[in-house]
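Engineer: As given, the protein sequences belong to chains F and D, one line each in that order.
If you're matching positions, the first sequence starts at 3 in my numbering and goes up one per residue.
If you're matching positions, the second sequence starts at 150 in my numbering and goes up one per residue.
Fair warning: there could be bad hints in the mix.
Said to hold, decoys possible - Derived pair list, reagent style SDA-like, types lysine to any residue, alpha-carbon separation capped at 25 Å: (1) F/Lys-51 to D/Lys-158; (2) D/Lys-158 to F/Ser-41; (3) F/Lys-63 to D/Ala-151; (4) F/Lys-51 to F/Pro-114; (5) F/Lys-101 to D/Thr-164; (6) F/Lys-51 to F/Ile-13; (7) F/Lys-101 to D/Gly-207.
As the list claims (entries may be wrong) - Selected chain F positions facing chain D (Cβ under 7 Å, derived; list incomplete): (8) Val-15; (9) Thr-32; (10) Tyr-34; (11) Asp-100; (12) Phe-104; (13) Gln-111.
Just so you know, these hints were derived from the structure itself, not from any lab.
On a predicted model such as this, the values are computed, not experimentally measured, just so you know.
Don't be surprised by glycine CBs; every beta carbon is placed ideally from N, CA and C.
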Amino acid sequence: AQSVTQPDIHITVSEGASLELRCNYSYGATPYLFWYVQSPGQGLQLLLKYFSGDTLVQGIKGFEAEFKRSQSSFNLRKPSVHWSDAAEYFCASLGNTDKLIFGTGTRLQVFP
Amino acid sequence: NAGVTQTPKFQVLKTGQSMTLQCAQDMNHEYMSWYRQDPGMGLRLIHYSVGAGITDQGEVPNGYNVSRSTTEDFPLRLLSAAPSQTSVYFCASSLGQGISPQHFGDGTRLSIL
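Generate coordinates for the entire structure from the input sequences, incorporating the hints supplied.
Structural biologist: Okay, structure coming up:
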């Protein structure tokens, strides 16, 4: 069955440090992949998406993600984290069911 | 442009009570869906609708009913609330099913005692 795995439940980084959040998917064909961010008390906001083409995609708020077929991964990165990036991040994939399958999320904490 | 509006934001119910969570969108989106979010489990799809008059079950539909009489509204009904339905509920809408980015409401935090 199609699934999305986010291995890190909680990550803590210092402000200004680089960030990488991991996401692995399981699906036979190339899925459509998404990263969403959820600030406290808010709904989810789309950061970026990958459908095809260039495997490095740029998103909002300075985030980027790289699709690696050989590793079934779609990791989210940011070169320099800001305190306002503290939130929960969800990776999601869209497979042949046309429904989004979400990972369990990674909570990011940023220290000054 | 309000986007996706969910009401109420918070609600406490007793076991066995019924309740309707409201969801409205003003973007003329055809596709709407309801998710529940539980700690350590991400978001799970409850029900969805691809247009007015059409609804279908998602991953965790038991205990919930939906209807879609208009394009704008997609209410979620709990007929007899159970403690296992304590969760945060999110409504989302998009232009279509599939690759269209979903727009989420701010959620309804529901506690069942």
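Engineer: For each hint, tell me whether it holds in the structure or not.
Structural biologist: Comparing the hints with the structure gives:
1. Between F/Lys-51 and D/Lys-158 the alpha-carbon distance is near 29 Å, which puts this suggested pair outside the 25 Å criterion.
2. Between the alpha carbons of D/Lys-158 and F/Ser-41 the distance comes to roughly 15 Å, so the proposed pair stays at or under 25 Å and holds.
3. Only pairs whose Cα atoms come within 25 Å are accepted, and F/Lys-63 paired with D/Ala-151 is accepted, the gap being roughly 22 Å.
4. With a C-alpha separation of about 29 Å, the suggested pairing of F/Lys-51 with F/Pro-114 is violated against the 25 Å cut-off.
5. For the hint pairing F/Lys-101 with D/Thr-164, the CA-to-CA distance comes to about 31 Å; that exceeds 25 Å, so the pair is violated.
6. Taking the CA atoms of F/Lys-51 and F/Ile-13, the gap is near 22 Å; set against the 25 Å cutoff, the hint holds.
7. For the given pair, F/Lys-101 sits about 9 Å from D/Gly-207 by alpha-carbon distance, which is consistent with the 25 Å threshold.
8. Nearest Cβ of chain D to the Cβ of F/Val-15: about 21 Å, over the 7 Å cut. The hint is violated.
9. Against a cut-off of 7 Å between C-beta atoms, the interface hint on F/Thr-32 is violated, since the closest Cβ of chain D lies about 12 Å away.
10. The interface hint given for F/Tyr-34 is met, as the beta carbon of that residue sits about 5 Å from the closest beta carbon of chain D, less than 7 Å.
11. Interface hint at F/Asp-100: satisfied, since its Cβ lies 5 Å from the closest Cβ of chain D, which is below the 7 Å cut-off.
12. Against a cut-off of 7 Å between C-beta atoms, the interface hint on F/Phe-104 holds, since the closest Cβ of chain D lies about 4 Å away.
13. Look at F/Gln-111: its Cβ only gets to about 16 Å from chain D, farther than 7 Å, so that hint breaks.
Of the numbered hints stated above, those contradicted by the structure are hints 1, 4, 5, 8, 9, 13, listed in ascending order.
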